[in-house]
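Chemist: So the chains spell out like this:
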Amino acid sequence: MGTNQSLIRALRNGSQADIARAITLIEKNDENMSEFLKLLYEEDTTPVPLIGLTGFGGAGKSSLVGVLAESLLKLGKRIGIMAVDPTSPKSGGALLGDRIRLQHLFPNENLFFRSFANKGSLGGLSPLLMESVKILEVAGFDYIFLETVGIGQSEVDITHFADVVVLVLSPGLGDEIQFLKGGIMEIADILVMNKMDMPSANVSLAALEAYARLLDEPPKVVPVSAIERRNIDVLLFEINDCYGRKQESHELEQIRKQRNRALYHSWMMQMLEPILDQCYSEGEVPYIAAKTFVDSIGRCLNEY
Amino acid sequence: MGRKIVVAKPGLDGHDRQAKVIARVLKDNGYDVVYTGIRQTPSQIAQTVLQESADVVVLNNLSGAHLELFPETAKRIRELGLNPFIIGTGVIPPEDQEELLKKGLDVVFGPGTPPQTIVEAIKQWEQTNP
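Listed in order, the protein sequences are those of chains A and B. Counting in the working numbering, the first sequence runs from 287 upward without gaps. Counting in the working numbering, the second sequence runs from 2 upward without gaps.
No lab work stands behind these hints: they were computed from the structure. Small disclaimer: the values here were computed from a predicted structure and weren't measured. There's no promise every hint is true.
[Claimed, not checked] Okay, derived cross-link-like pairs now, DSSO-like style, lysine-lysine, Cα gap no bigger than 30 Å in a straight line:
1. B:21 - A:506
2. A:405 - B:21
3. A:314 - B:21
4. A:314 - A:405
5. B:124 - A:376
6. B:124 - A:314
Given only the sequences and the hints, what does the whole structure look like? Please build it.
Modeler: Listed below in structure tokens is the structure:
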């Protein structure tokens, strides 16, 4: 009991060593975890803007997070960044390379960066990632950035979870934009065309703007160049503006409710997974096996 | 739960093929590997190890500055109250290896070491540090 309480106290003071320790406690499924989480959720926290960045690998998400953090650090803000990279389906290992883009900002007491492997979680955002947001909130950060692994199912999940969703694109992605039309493009709050320093970037920008205008709720389109630090202040303004509007319209409250529900789901899936495997043996009809299992849970719930 | 490893390049040495090969071999052996990129200071590396809660740190240097940089980095890491398994790699002559072991490194590998040898060293350490 005592160690958990002192860990929470240390978190309130924003100690980096203790933030790392708290995340590891959840990562390792420590025996103290459930008590720690109970105490964590008793904390009164002011909501911290959670900015989700998504986009194809190579679009420049990490570089962009780096320059956004750099600008905010100059304003004296405290920044937490969580970056996800894919787990190798063959070895189960992962190469986490997102730090490279902003290592020059360290050492820094106001910047906390943590890399995560996605562990092939199909449900998109793992409970670990979502609880880490809570830890960073308690630690009193001013902004939290979540950089996703790339484009896929989890990118749509991020919208149930982040306060502001930023889709990062780069010039020459014509076909990919076609591919995105039905998905994340519709739910991103801000579309960023990065690498505006590249030749013919204006053509790609014009195509993106033309597309964005056709959407029901046209998102802001912001052209930037992360390496030339071009238009980063405009992007920051749009992020803050979007957050402010969602705050006024009470949309943020909705997002936070969805976040807890999504977290409940992902914990549930994680806990069920080993049991589910036990309840199927070879030769059974898959549908019947699944239905028998779910029906038996239903009966338990009625008694419960 | 897989172990987390930070592969770091202290100093001004800009050649990182070797570090990338090591990072990749470790990934292929099931570890979560954070690569810092080149030109890191000892305190940058120490803060990385702290933030990532790394279990193992692999330092790599090819410029000959290992006698200054490796012990300094190990010192900064341990000053933060961390106790990861610290491995030194790169162009390290046999006569320097003994000295590095006295100055805070747990194991040191010189040129020509098969990557798998590094994996074996980590596995061995894991057995005594569950």
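Chemist: Of the numbered hints stated previously, which ones are contradicted by the structure, given in increasing order?
Modeler: 1
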